[in-house]
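Chemist: Each chain, written out:
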Amino acid sequence: MIEPLLIDPELGSRIQFGGTLSVHIVFAALSVGLAPYIVYFTYKEISTGREKYERLRSFWTKIFAIGFVMGTATGIPMSFQFGTNFPAFSEFAGELIGGPLAFESTMAFFLEAVFLGVLLFGRERVSDRVYVLSSVLVMVGAWLSALWILIVNSWMQTPQGYELIEENGVTGLVLTDPIAAYFTPRLFWMYVHMQNAAVISVTLFVAGVAAYFVWTNPDSEPWRGTLKLSVGVLAITSIFQVIHGDMYTRHVVQTQPMKFAAMEAIYETKEGAPLHLLAFPRSLEDLTDPRAEELFTVSIPYLASFLAEADPTGVVYGLEEFDVQNPPVAYVFWSFRTMVFLGFWFIVLGLWGVYRMRKGVLFERGRYLKALLASIPLGFVATIVGWYVTEIGRQPWIIQDVQLTSEGVSQTLTSTQMTISLSAFAIAYAILVVLFIRVIKWIVDDELERVLEDDFERVEQERTDDQAPSGSGEV
Amino acid sequence: MTTNFPIMADVTRVDTVLFGPVVPVDEYLIPWLPELWFGILLFTLGMYVFLDGFDFGIGMLYGTREDEAERDLLLSIFGPVWDANEVWLVAFGTVLFAAFPPVYASLLSDHYLLVFAIVFALILRGITPELREQRDEPEWVRACDRGFVVGSTLSPFFIGTLAGSWVFGTGTIALPSVLTGVAVVFLSVASGAAYVAMKTTDTLREEMVRYGLYAAAGYLLSVVVLLITVFLTDPLGVRETLLSTPVLAVVLVTVVFLGIGVVAATRDALEVTWWFYATGGVAFALITLVAILLYPDLYPATGTTVRESIISPLALNVLTVVVIPVLFLVLAYFRYLYTVFSGPVEHEDGYGTSD
Numbered sequence: 001m002i003e004p005l006l007i008d009p010e011l012g013s014r015i016q017f018g019g020t021l022s023v024h025i026v027f028a029a030l031s032v033g034l035a036p037y038i039v040y041f042t043y044k045e046i047s048t049g050r051e052k053y054e055r056l057r058s059f060w061t062k063i064f065a066i067g068f069v070m071g072t073a074t075g076i077p078m079s080f081q082f083g084t085n086f087p088a089f090s091e092f093a094g095e096l097i098g099g100p101l102a103f104e105s106t107m108a109f110f111l112e113a114v115f116l117g118v119l120l121f122g123r124e125r126v127s128d129r130v131y132v133l134s135s136v137l138v139m140v141g142a143w144l145s146a147l148w149i150l151i152v153n154s155w156m157q158t159p160q161g162y163e164l165i166e167e168n169g170v171t172g173l174v175l176t177d178p179i180a181a182y183f184t185p186r187l188f189w190m191y192v193h194m195q196n197a198a199v200i201s202v203t204l205f206v207a208g209v210a211a212y213f214v215w216t217n218p219d220s221e222p223w224r225g226t227l228k229l230s231v232g233v234l235a236i237t238s239i240f241q242v243i244h245g246d247m248y249t250r251h252v253v254q255t256q257p258m259k260f261a262a263m264e265a266i267y268e269t270k271e272g273a274p275l276h277l278l279a280f281p282r283s284l285e286d287l288t289d290p291r292a293e294e295l296f297t298v299s300i301p302y303l304a305s306f307l308a309e310a311d312p313t314g315v316v317y318g319l320e321e322f323d324v325q326n327p328p329v330a331y332v333f334w335s336f337r338t339m340v341f342l343g344f345w346f347i348v349l350g351l352w353g354v355y356r357m358r359k360g361v362l363f364e365r366g367r368y369l370k371a372l373l374a375s376i377p378l379g380f381v382a383t384i385v386g387w388y389v390t391e392i393g394r395q396p397w398i399i400q401d402v403q404l405t406s407e408g409v410s411q412t413l414t415s416t417q418m419t420i421s422l423s424a425f426a427i428a429y430a431i432l433v434v435l436f437i438r439v440i441k442w443i444v445d446d447e448l449e450r451v452l453e454d455d456f457e458r459v460e461q462e463r464t465d466d467q468a469p470s471g472s473g474e475v
Numbered sequence: 476m477t478t479n480f481p482i483m484a485d486v487t488r489v490d491t492v493l494f495g496p497v498v499p500v501d502e503y504l505i506p507w508l509p510e511l512w513f514g515i516l517l518f519t520l521g522m523y524v525f526l527d528g529f530d531f532g533i534g535m536l537y538g539t540r541e542d543e544a545e546r547d548l549l550l551s552i553f554g555p556v557w558d559a560n561e562v563w564l565v566a567f568g569t570v571l572f573a574a575f576p577p578v579y580a581s582l583l584s585d586h587y588l589l590v591f592a593i594v595f596a597l598i599l600r601g602i603t604p605e606l607r608e609q610r611d612e613p614e615w616v617r618a619c620d621r622g623f624v625v626g627s628t629l630s631p632f633f634i635g636t637l638a639g640s641w642v643f644g645t646g647t648i649a650l651p652s653v654l655t656g657v658a659v660v661f662l663s664v665a666s667g668a669a670y671v672a673m674k675t676t677d678t679l680r681e682e683m684v685r686y687g688l689y690a691a692a693g694y695l696l697s698v699v700v701l702l703i704t705v706f707l708t709d710p711l712g713v714r715e716t717l718l719s720t721p722v723l724a725v726v727l728v729t730v731v732f733l734g735i736g737v738v739a740a741t742r743d744a745l746e747v748t749w750w751f752y753a754t755g756g757v758a759f760a761l762i763t764l765v766a767i768l769l770y771p772d773l774y775p776a777t778g779t780t781v782r783e784s785i786i787s788p789l790a791l792n793v794l795t796v797v798v799i800p801v802l803f804l805v806l807a808y809f810r811y812l813y814t815v816f817s818g819p820v821e822h823e824d825g826y827g828t829s830d
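Chains A and B, in that order, are what the protein sequence lines are.
First residue of the first sequence: 1, per the working numbering; consecutive thereafter.
First residue of the second sequence: 476, per the working numbering; consecutive thereafter.
So that you can see chain B by itself, here it is in the shape it has in the complex:
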């Protein structure tokens, strides 16, 4: 902070106050505002894992389709919504930055290369379907397809790995973080299968049910192995937490949701929507588990707590007053988006702009 500019000193610090303060300056609007923001942060993460999760899942299931028409169908299923879904990741990143800047700084700089691995996987996943639409040459289409499947698999895996490393305070190539990555991959396939099943009517639906059930089993298995690994190695002294009532309750809720999903999936088409909601429940149960493990140490590796890393009262109050109403608005237009594009998808819809 070496400022030795005689000319500049009085120029840049003109604090013009246009209006009086609209929010309290020196105290939180409500005493537990930092905890509320911890909740909002995890809510944005949950929305991302759930919504973009099913996009990733469809991307992986896409790899199992040989038929050109079925591939087009899968693309048109998530085409109208994936852009919007992906924004939840940006929302998560900026909320973390805005409310907990020290944690944002540590998390991203400590996982330098992994963050960029996520970014490049997301880029691959994002641009390939759009590029695929632009040309009919078989080689071009095949290359884009391959990139799409690879990107859709690596994105949730790397994101899960980062989350695992964050929550358990281990390095990125430690077993708990890798297992978290695997769990998120399975969860994505489960929601993807449910979403496709909800949007289709014929034999494709039956196959999706099969994949969905495998993925649900894979998810349950990987979470159980993950919890056992963490229990045995106990990287950050969370062994006691793992046996606490909230954690056990969340595991139980997860099993119940998975059960509802399985029942809904194997019954007739009308109940498929419930299957999709159940995978959403599983995703939010996972986020609740993350919340329990993270609270109060928002960055377990260094032991930085929610209260230590939260911004000062005025800044947090401003953030609250601005962002919370906007988030309700966002939820309203997500509802609108999904209503407009509800119901089974027809083959002609295609991906991208129609002529």
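Next comes chain A alone, as it looks inside the complex:
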């Protein structure tokens, strides 16, 4: 009776993993991107002894702490899914995948968790120097963690350093060259792109929060500084991301032409292919089944070929070349478009801010602060859709050209189990996200009171300043 309501284990496993990843990536990016800000504010607090840095350190550390707890809560279920939902993959490629994951937990995760304890609770118990060092070690932990995770992922995109063997009728991969396996050519591109994406996401978050406080009180000293800092960082990192992203794409073209074909919705192989900068659907059908030629596009002729092959007439392979049934083009194509569009928007925001800063009107209430406020979630959105391009673009492969996703998924998992776990995840993660947003709002509300007080103090100060000379004159 309820059969039609139950979800297929393979599809369910993919949705579950993708769904948990989409939530986890936000907290992971928050850790990675916020860590440098924490280090900066902690260092400034200790070195200048100024109260405003203590306040900023305390505010952002609170958000970091709740983000870290959420990141752990959403990350542990993700890592367990390798075993629960993709055991065939885990067994098949365990030698290549398990090592880096163990390195991550022992080298990076412990470091981050131990020194976060010192950072959160140890202000009165450790020396200033150790306190700053703790913030640095938390950052090292977060960045190293991301490195090992991306080592795993980039190996799955461009596997090397292994051999395929068959023993007692069971096939499996054996590690033959650890250096090659851990440091694939993809790693550099992925790591730089992801870490910068995390920094941009958090910078937008920091800038948005600062814009909110500056809007409420343009004279709040700590938040004026934060706004200036974050706008500067945004201008630099967002421009770098687009330049770097372009070079990364070139790498994808060379190593995963099928993914590139899906990113550009190119079905037929052609020479001298144009690059579609912007694309809009003409009909609903284009949303679910985009074909580059049939969309309304703003394109530059020959550019795709030029980017792919450094030759305007170079060959760009279309999806027809690959033996794939129903490639998930729509997700990849529109995710990629969204990411690129947002990337350009971040540059606009950054440059607009720098321009206003130079004109000396950065703190004035206006459209710019509103735009920053509205852009708070967009960095995370860009990061999530970026991962969709990477992960869905690789389908049907779980390990590019080595193992199909359908071969890696659990053979014993039933539809009932899948449906139960997927529903539980959907509910639990939705609750987690709502709770997180609520807590952030509370932390912001608490700070808001202080920001308003900043003003009172200043007004108070001015009043006494005004009265002081006249008063002394009379006596």
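Worth flagging that the hints you see were computed from the coordinates, not collected in a lab.
One or more hints might be untrue.
[What the hints assert, rightly or not] Derived coverage of chain A by chain B (criterion: at least 3 residues anywhere in the stretch with Cβ under 8 Å from a Cβ of chain B; other residues may be distant):
no.	stretch
1	39 to 51
2	174 to 184
3	422 to 432
Think of the CB as a built atom: it goes at the ideal place given N, C-alpha and C, for glycine as much as any other residue.
Assemble chain B onto chain A, guided by the hints.
Modeler: Frame of chain A, contents of chain B only:
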């Protein structure tokens, strides 16, 4: 493995060797390296059961406190260390994956729903104290408190159930696995009480001693009932092992540790630290029992042995060279963490970030 991509064939398999091999490729660094990794695996599990165990225990004892100040005190006792303690579970999971991938795959996929039950209990336990700090509304605080106690009770129970099912090769709702869950719950309360007693000075300490003694008795009882059940039902032919000298020795050691704990707990405050160490001894005795029962069949349900499920020599050598030094480093900063936060806790410390 259907690869019919003419374009791709020569692109993805570029095996660039940057350096020569730093570890032997075709033989283990030492002949008993697989057994060493079996030991490391159980060591990470032991650290988890001991360290996060006392967090769980404090979480359950938290349910017995009505006084707001005492509740805050309990939270501040484990606040600085629990994040780090919990990582031992991740370390255990990834070491199992890295060294014994087939066992990792079978254990997790065979216990599909139980694994997620553990995960959700851990999430509940992990986020509630952090959330509680963020708002003063009584209803919010009460809801978080409830979630915290429930999560702290269910986590060790489900983890113990999984361990029982793994070791005895029974299903998850069989008596031996459920009894293992109960034993782990009691053990957690015992270490939690000892840890709180170590960190406090006044009447709270005396009450903790009482709870600690009950929990120790409960632990001993549940382990004895568990062993008798397994002996009688004999699910995987371990009856002989249960009567062997190592097992009896471990049971004896457990009783000795429990005895030391009881003596230390009922004497003056200075000896409370010994009580806490004794509960650690009990936890590691339990893990030793698990080790004896698991060796050499790392996955008893299918009879997969340590040697059959270990990764190939090169991969294991790399794992050894990288992870073992790092583990010593980890132990060093755990020592540092516990030194920084040693001594009695003051009420003002609170949980979470101070303003």
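Chemist: Does each hint fit the structure? Answer for all of them.
Modeler: So, going through the hints one by one against the coordinates:
1. 39 to 51: violated (count 0)
2. 174 to 184: holds (count 8)
3. 422 to 432: With 4 residues in contact (Cβ-Cβ under 8 Å with chain B), the coverage given for the stretch 422 to 432 of chain A holds.
Checked against the numbered hints given earlier, this structure breaks only hint 1.
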